[in-house]
Structures are given as structure tokens and as C-alpha cells.
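Student: Chain residues, written in single-letter form:
Number of protein chains: 2
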Amino acid sequence: MTISQLELANAIRVLSMDAVEAANSGHPGMPMGMADVATVLWSNYLKFDPTDPDWADRDRFVLSAGHGSMLIYSLLHLTGYARPTIDDIAAFRKLGSPCAGHPENFELPGIECTTGPLGQGLAMAVGMATAERHLNTVFGDALVDHRTWVIAGDGCLMEGINHEAIGLAGHLKLGRLNVLWDDNRITIDGSTDLSTSEDVAARYAATGWHVVACDGHDFADIDRALAEAAADPRPSLVRCRTVIGKGAPNKGGSHKVHGSPLGAEEILATRAALLWEHEAFHLPEALTDAWKAIGARGGAVRAEWQDRLSAHADRAEFERRMANKLPEGWSLKAHIDALLAEPKKIATRVASSLALEAINASLPETIGGSADLTPSNNTQTKAQVALTAQDYSGRYIHYGIREFGMSAAMNGMALHGGVLAYGGTFLVFADYARPAIRLSALQNAGVVYVMTHDSIGLGEDGPTHQPIEHVMSLRLIPGLDVYRPADAVETAECWELAVQRRDGPSLLALSRQNLPQVRTDAAENRSARGAYRLKGADADRRVILLATGSEVEIALGVAAKLEGQGIGADVVSMPCWSRFDAQDAAYREDVLPHARPDEILRVSIEAGTTVGWERYTMVDGLRFGIDRFGASAPADKLYEYFGLTTDAITAKVLARLGH
Amino acid sequence: MTISQLELANAIRVLSMDAVEAANSGHPGMPMGMADVATVLWSNYLKFDPTDPDWADRDRFVLSAGHGSMLIYSLLHLTGYARPTIDDIAAFRKLGSPCAGHPENFELPGIECTTGPLGQGLAMAVGMATAERHLNTVFGDALVDHRTWVIAGDGCLMEGINHEAIGLAGHLKLGRLNVLWDDNRITIDGSTDLSTSEDVAARYAATGWHVVACDGHDFADIDRALAEAAADPRPSLVRCRTVIGKGAPNKGGSHKVHGSPLGAEEILATRAALLWEHEAFHLPEALTDAWKAIGARGGAVRAEWQDRLSAHADRAEFERRMANKLPEGWSLKAHIDALLAEPKKIATRVASSLALEAINASLPETIGGSADLTPSNNTQTKAQVALTAQDYSGRYIHYGIREFGMSAAMNGMALHGGVLAYGGTFLVFADYARPAIRLSALQNAGVVYVMTHDSIGLGEDGPTHQPIEHVMSLRLIPGLDVYRPADAVETAECWELAVQRRDGPSLLALSRQNLPQVRTDAAENRSARGAYRLKGADADRRVILLATGSEVEIALGVAAKLEGQGIGADVVSMPCWSRFDAQDAAYREDVLPHARPDEILRVSIEAGTTVGWERYTMVDGLRFGIDRFGASAPADKLYEYFGLTTDAITAKVLARLGH
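In order, the protein sequences belong to chains V and X. All residue numbers for the first sequence refer to the working numbering, where the first residue is 1 and numbers rise by one. All residue numbers for the second sequence refer to the working numbering, where the first residue is 660 and numbers rise by one.
Honestly, the hints are just simulated from the structure, not real lab data. It cannot be assumed that every hint is accurate.
Said to hold, decoys possible - Per label pair, the in silico range of CB-to-CB distance:
hint: 1; chain 1: V; residue 1: Glu640; chain 2: X; residue 2: His937; range: 51 to 61 Å
hint: 2; chain 1: V; residue 1: Asp337; chain 2: X; residue 2: Asp858; range: 10 to 20 Å
hint: 3; chain 1: X; residue 1: His937; chain 2: V; residue 2: Gln565; range: 48 to 58 Å
hint: 4; chain 1: V; residue 1: Glu279; chain 2: X; residue 2: Arg1192; range: 52 to 62 Å
hint: 5; chain 1: V; residue 1: Lys325; chain 2: X; residue 2: Asp858; range: 41 to 51 Å
hint: 6; chain 1: V; residue 1: Lys325; chain 2: X; residue 2: Ala1048; range: 51 to 61 Å
hint: 7; chain 1: X; residue 1: Ala1244; chain 2: V; residue 2: Leu657; range: 46 to 56 Å
Backbone N, C-alpha and C define an ideal beta-carbon position, used for all residues, glycine too.
Sequences and hints are given; from them, build the entire structure.
Tutor: Rendered as C-alpha cells:
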């Protein structure tokens, strides 16, 4: 019995509608609407091997319209991936099933990235396609020669990040990137006519893309369009004209099928319309065999590739890089030793550039960049040339004024593997990139954010540019390590930790202004503890001063004044909250011993919101910071204005101590 | 002596370069490059009257490229606004000068909105132009008939929000909106060629815009282009081909002039090139007179308008609305009384829609909307019809999948005046809108964010859609009131407070899931206190349970179990931290009395990050929340999984109490 393409596609449709029905929650419309397109893509174009989901030279498939997750769960199951099983699918959206509401890369091999927050899948795909071209120039066609395919919906195309992502892809001429647009003219509110009048094809063309259209329910036409897309040297948008919920005779084509189960009656009607006689989660063997055969197609291709890899001179390096592993014993020790030998009063953004010189020289996998703040973020090292459409071997990306697109692209690079992406902007504009920073953490993507101008210390640019709530609000994102180093040594330590963490993101908050070197020893990477006693009390300890970044200098000044009056004061530098919280109780107790405030007063100093610092100062401690927006003036004037000086803080601490 | 247009423009150039030089900080390139265009705009097109900066029917001028702030400071000064004075300009970027690094609407009348974070000025202008068309349909041409003019740079056009903003403007056919693009082909990193290859004009055309180009240094050509833009019924992009830092003979045309002072030598050279013989901050009288004459042009127009207003039947209502004042005595008391009379177990997002029925019926100035989540956010009330290009009288905007664009547009509407904008999305996507939410607060814009699906309680959509850090991270933004109401009554109270606050933003975090009505009395708006004792202890008070939103129900359950064991427990509902912190010490002490943990244990319950709750629980209190990402499952399963149930929490509280 020959299985038609329509039958293959209907397997996706039925699995999707049945899983959503069983969950009583989910989005059947998109998987049913795009089933035909996906069938052609996975049958005739996508390079993959279900027996080796991590095959380095596989094509990347990104379901940017992540709410249609049953589409990819169906495809992974049908083509023979070990998971999801049919039971996993039957448990769609239930606790413990890897078939979560939206596709999650940490749940199922074969899911390249976590999608759902619209637009970001496409933007991550731009990063994947960039990494592919870069690695191709490094390792050659024999090892790296694959495509990135995206399914995107109207939501992905309306989100602002779409503009940033396609602008970058067009500029970099990422011809291996093909976006299949599910043009169903329906959004949650109703027809797309309610909110947009754009000529999407013309917009993509204006941005350097090739555009081709097809009837998303005509298999031959889909095939023609995908062939055109694959052949064109530009990134391609394939406009697939589809009917949302295709197959559902009454609800198809309407927004009612977008995000709700079809209901028992419509499911019956759909089964009838599709001539589908099998019960839920049961597929006939001929059909599953046909899908499995499609899944088996890539095995031989992978075997040939494996042979090439085995014989390749660069095999070890390629495997190291694709596994996102550092060279054995990599560290910044030599760089840190040099800093200790010759202390420097420099901004931590400059210290960061010094660390990067050492990092980029020792790690060929780094790809740096900045959202058009290269001279301010100090992210480009001397030997780093630009990655361009003419030369993908470059290791620096001028991302343009696209903070969000940059961050999502970095996620895509990290998830692609083989490159270590870092990128810079001003810390205040972490807000622009925040949805991607969150996804870095959720997806375990080891990217490094270089965020300079981290407080009122940036001075004259004023409140629009001065972070107040940013450092703290970033600390709240689960899994993100936020570093605010105090000097050149800590900056190098934090960079070392960020680079060593290949399974999650790090963010460095760096000063614009110069800071003295407060660290004179480095038997170990002390920043790895998150917080440590930088200076112990000389007199009997009455005060512990906790500070981060540029305010550590102030804390040291306060401590000196207190000691001058016979009051013992520790200074604890606290570059990373999450690392400190992960230390054992004994270490934490040593740094911050339990005591009544009348025994030991704890004082925090950080030029940002004070909310949250109660965790370490206790409520009865003192917190110095800024709980309002900043102002425009030179940095030193602002520190005075906001009371963040050694004198002002010393006076308040003394007053509290009753002196 | 006749003053040429070039001399007028050179006054801007020289003031700008001299102010930046005096500050030793700032951006001379843009004001110098756009001086000619701005001169034509302000001389021949812009409707304004320096003697009445708040004139309701003035044209709105938005400097979206806010780093070029000296352009608008120069224009305001030269045309005769009371401020900035020449001394203010000489103190550019110094503490106390209203001439901040970036233009701030709260510093100087004549500055319509705060800009600097790129792209948002243009997006706010879309909101202003929308408000203008809406008010025009309400009050007629006699009172409302003005334009919105924007100067935007490459940064504004590359940011993702640009896509969202122009998509909305094109769809709504906002022909009164004209964007003057400073096409200088330079960004901070260097040439725009480094990062973009886009045909901007074609992209705008694809989005329904009219595009016209001019030589930005040819006064006649500029005039022709602005005339075309003004005449076209579509929103217009005027591509002004300029030289950045025009006038500086050596540095002009390069990125070196973007964000740094010219330096003494280049300033001398510029003075020579411009044949400018006057010292810094001294302008010849003929020149200042010529500029003042331009400023005086609008006086007669405004007088005529004032006459029309005085004679207008709707004068009082128009003035009330343009002042963003509520009708005398407005409240939601009747609505709240009805809720008390008939308690409801509903989601707070549904309670919000009930409150909105009352609000929209009593306040004609509301304009609601949603970023394509209308059926989920429950933001559209029954009588609310869509505001469309065909009918600007509508009071509901289908913003499309454009959270950031929506939020910035709402800021623009609020700053335009005359409308009260609210808009919805899922709370997790507050991240997409965060830069605009911050600007709502900084700008004192009285918008209301309706953020539903506020926790793991949304269930199956999983971690990408479940807020964890969001409520807390929003509380950190200075000036933003974040509300998380517990039931229908609190939702109405919080809505009342949000509406009554016309000088700053409010954000409502609302549940997807149903919640019982826990409030049975409403002698006053108890949410106005931020936190209040919902239930007092029956037995001797040993525990205070603090909770917000959907977790108040759990807190009441825990209290009941504790009381069952003879342990007295208060339940404090805490819908708004910022309001509680603003209460006097006596009130705060009454709700949260000072006591040792072994006397009174404080316990917080909130289905989000626990970081920050130490402020109210004390470090030695207990905090129940979620300090990791969520999961995909039905809501009740998730609450169990994360230990947020009455039983689980009661057990831990009892254990802590030694029971």
C-alpha cells in the first residue's frame, strides 16, 4: 500500500487535534494548517537523522510559531526519534510529559530551541545560520554544510524582533536560511486585517530577501517553492498560503481553531472529512512505516559525513567545539597574574576588553559583537575582524542598533554549537533584550552579555541611560549569572567564570568610569564564591559593608574611616549573588555571620535600587542606593547628589551606631 | 538686515557644538546635520506658540533621535520659549540644568516626550497621531486639527519597535504623522554599511507609507519634500540626505562627530567655515530677532483657536479631557457595591473586564486595546468598537502582535492628552514592552497596563508563558504602581486607583484562573493602602501571612488551619507594594508590627520569585514562591508541584513554629 503525502500530513493533523483534545488545552490550528508544508519539508528537504539528534551537520528546524508545538512533536514521533513516544504525546501538556505546551530544547532532542515568545525562533535561526556559515569557513564543506529552516506565523512577522532579525540576515546574505511563513491570515483577535495592512513580501524583498509563494495545501507547489528557496543565494521567505485548522470542516479557517481544542463534535467531523478511521493515538502500520522511512533517509548521509569526520585532520577540534567544551585546563590565570603584577586604575569595561584580548587569543570559538556600541562596550579586540557577507570567517559582528535581535542571534549561535557568542550594549538597554536574556537562561544557552555603563556613573546621558532597577531585575531571572565586578581583577575572574559556564548565560555589568584595582591577590578565583571578604576588620568587627562593582571603592573608603574611629569593618565584595547563594552554609556564615544588628551592622552599597538587599543586610541593616530615576550630570556630581560618597555613608553609619 | 535660512540653521549648529563643548559631553553630529531640515520645519510647517507650550492644538514635535537633544534645546530657546535660557544651554548636561543629556518632557515645556532609548520617540508619535485623529472625530476640526512631526535617525529605524510602530501607523493611515529621517549613513560603529543593507524607503512603502526624499542641506528641496509629506493622506517618511556634523570641516561626515565634543581646534575651524564671528552663547540681535519672529508666527493662529474654543459647546469637556482630569467625584463605588452584594468566583482578568464595563461607560476618554490577546486579556467591553482607519471614533485598538509598539503608543496618547489609554498582553510579555513601561514611569504617563495570566496559574502553556520574576521586577521600576489584586473587589479597587492616577503608570497583574471573592466589605478602597489586614487573628497572633493575588486564597486556607490548632494568624493582602511603602509608619507598624520571629512569624506567599520578600517577612521569616522556571501542566498540578498549597505551606509553618 502506497501512502500519499496527504495521508502523511493527515497523521500530523489527527495527532495534533487529538493531543490538544486530550489535554483540553493547546493550539490545533497551526499544526493542521502547516501539516502539508511540514510534510514536504521533512520528506524532501530537511537533513536529519532521528538516531542521532545531535548530528553536528544536521539541518536546523525551528518552529518559531511555538504554540503549534504538536507539529514538531508529531514530526519527531513519526520520523522515529526515541522521544516523544505516543504515550508522551497522549500526555501532551501534562506534568512530566516532554511534550510541553511550547517546544523546549531541554525536554526533547530534535528541538533546537525553545519557542513560544513570538519572533524569537526566527531570530535565533538567524544566529544558527550565521554560526553555520562561520563554521563552514573554518572547517569546510566536508564537515559543515547545512541549512536552517523556520516555520513562522503572523505573530513572528509582526513582532519588532522580526525586523531586526531579517535585517541582519539580509545584510549577512544568509542564503542557507529559509523561513516558511504560515500565511493563514488569522490571529487571536480575528483576521489579520484587524491589525495589519503590510505587504510582507515587499518588506522582505526590501531587506535583501528572496521571496517565493505557494499554495500551502498543494504538495507539488510547496515542493517547487522549497526548491526555489533552497536554490536562491539569498535568505528566502516562502509564503505558504494556508487555511488555519485545515481539515476541520466547520472551524477551519477561523480564529476559533487557533488556541482551543476542536471539541468532540468537530473532531468527529474532521475524522469524517479526512476519511480517517483510526482511533486517537493509534496509527496504521503502513502509515507509521512510511513516516519511519522518511526518518531513515538521513542515515546514509550521516554515515558518509561521519566517515569524512573520522578522516578529518581537524576532527578533535571540531568535536570539541561542537560540544561547546573549552580546551583542557583553559583559564585566565596568566592574564590575572599580569594584572596583579601591574595594578591598573581603569573602567571595568576597559578591563573587560583586556580580558577579551586574552580570551579571544586563546579561544578560536568566540564571536563577539555589539549593538552599535563597539567603542563604548570595548567588545572588539585588536585582532578581531568583522564577520561579513563577504567573509564569514570574521569573529566580530556589527549587529547594528538591534539589541534584541543580537541577543536572540547569540542564543541561536550557542544552541547551534561550535561558537561562543558574546555581545554588548548599555546595561539600561538590557530591557530591550530582556525577552532573549530570559530565553538564554531557560534554554541553557551559554552566551555572555557585556553590559557597560552600569549605573549613574555613566554621567551626563541622564535617566534614560542610567540603570537603576536593572542589575537587581536581572538577578531575578532564574539561571542567569549576573556579575558586577569591582576592578580589573574581578572583571577577569568574572569573565573566566562566564566563559567556563557553557550551559547557561552570564551577564557582566561594567562601569564606564575608572575604578582603582582593589584586589592584590588571586590564589583562587574569589569571584567564583559570588561574595568574599575583600578586607577584614582591624578593630573589633561592628560593621560589614557589602558592595558591588564601582561601589566597592566607596565601601573601602567607609571602612577606612570607621577603622580610623576604632570601629572594625569588613568589606565584602559581592560580584555575583547567584554564586554566593550557591555556597555552602559554612562559607555564607563566615562571610555574613548571624548576629543582631546591635552586634554587627550590615550595610549595602550599590548604585541602584535598594529593594532586595534586605536579603543580605537584614531589614534592620542599612542600604545605600538609588530608589528613583537618575539625573543628567557628571558622574562625581551624581554620586554626591545621591549621597553615595564615603563621607555621606560614613556619617550615616556612625549615626546608626550612635557615634 | 535679512537673515538667511542658512544663518538661522547655523545658530543651531553653533549653539549645539558650543554646548557640547562646554559640557565636554554630548552629541553634536545630529543637531548640526539636521539643523537645516529643522529650520525649515519650524519656520514653515510646525504649528506652535512658545507663549503657550501646552496649547492643545499645537503640532507635536518629537525628537526620536534624542541624543541630538541640543537641536530641540536650541529651537526652544531661539523661538522664544521661556526656558531654556541661554544660561540653561550653557549648563547643558550639568546638574540642575533642564537641558539634560536627553530631552525630558518633565524638564521643559515644549518637549513632548522623553527620548533617547531609540525607536520609542517614533512609536510614541504614532500614539500621539492616533489620539489626534480620535479627538478630531470627537471634537471636530475647530478644536483638533494638528500634525505630529518626528525626527528619527538610523538607530530609530533599525530598532525592532520601528517595525511595530510603522505597521500600526500604516494600518491606521495616520496621514498627519510625518517622520523626517536623518539619513546620514553613520552610526556609532561607523558607516551604516557595517550593519544594514536595507532599502528603507521600500520597506516603508511596503507598510503603507508615503516616502519622499530631499537633500537635507538644500532649503528649497527640504521645503518641497515637507510640503509633499504634509499633503499626502498617508503617513510620510521624508528621507533627508544629510551630512552628520555638517559645518565641521574636518570631522563632519564621520562617526567621530556623533557622540563626542568637536574639540577646540575643530570648533575654531567650524566657526571659520561658517563665517561665524560670535563667541560661544552670544548671538547677534538680528539673528535672535529673526528666530523670535518665527516663534511668534503661531500666536495669531492660537488666538483664533482660543476664540473657537471659547465659543465651543464642548469647551468644558474638551478642557477636562485635555488636562487629563477625571469628572468630578468619579469612582467605581457603585460597581464595587454591586460586587459586594453578589460575590463572584471569577478570574481577576474577568473581574477586570467587569470593572472596565463601568469605567468605559463613565469615562468617554478611555481607549483600550490588546496586543492580539483580546479574548484572553478581556480588555474589550461590550459597547467598545474598534478604532480603525475608516472610523477613528472607535475606542478599541487591535494593536496586533506588537507589545512594545502598543505600550509606546499608549505613552504617546497619554502625553498627547485627551485620552486614557489602557492595553493588555500576557504578563510574561511585559518583558517585550519593558523599555516602554520604564518610559511611562519616567515620563509621568498615566497609562494602564492590563497584564493577565500572571503566574504558573496559567497552566499548560508552560515556562515560556509563566511569569516568575515579572511581578517583582516590575515593582523595581521607580514610579510604576504594580497591582496584583486577589479578587473581584480588589480588582475594581486597583482599577479605580489606576484610573485616578493620571500622572503616572499602573500595571495590573491578573489571574487566568478563577478566584473566590475574599472581600466582603468596602467602607473604603482598602487597596489604596497597598496592603491591609484582610483577616485578623482569632487566637493569639503568632503568624502574619502576606500574600498577593491568587495566593491570598491559599493564605486564608493556611490561616484557617493554623487557627484550627489554636495558632492565631493574620492574613495581609498586599496588592501594591509601592502604595504600602508610602503609608505612614503607624499604619505600616499596625499591619506589620515589629516583633522577633519567635514572637510573630511572617510568611509570604506569592507564585513568583521570593527574592525581595525579605523586606516584609524579615530574613528569618518564611517565603513561599518559585525560584526557578515553571512547567507545563494544569494549574492545580503546578501549584501542588511547586508546594504552593494550603496543606504544604501549613505543614512548613507548623514545623517552623515547632508544632
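Student: Can you give the numbers of the hints that this structure goes against, from lowest to highest?
Tutor: 1, 2, 7
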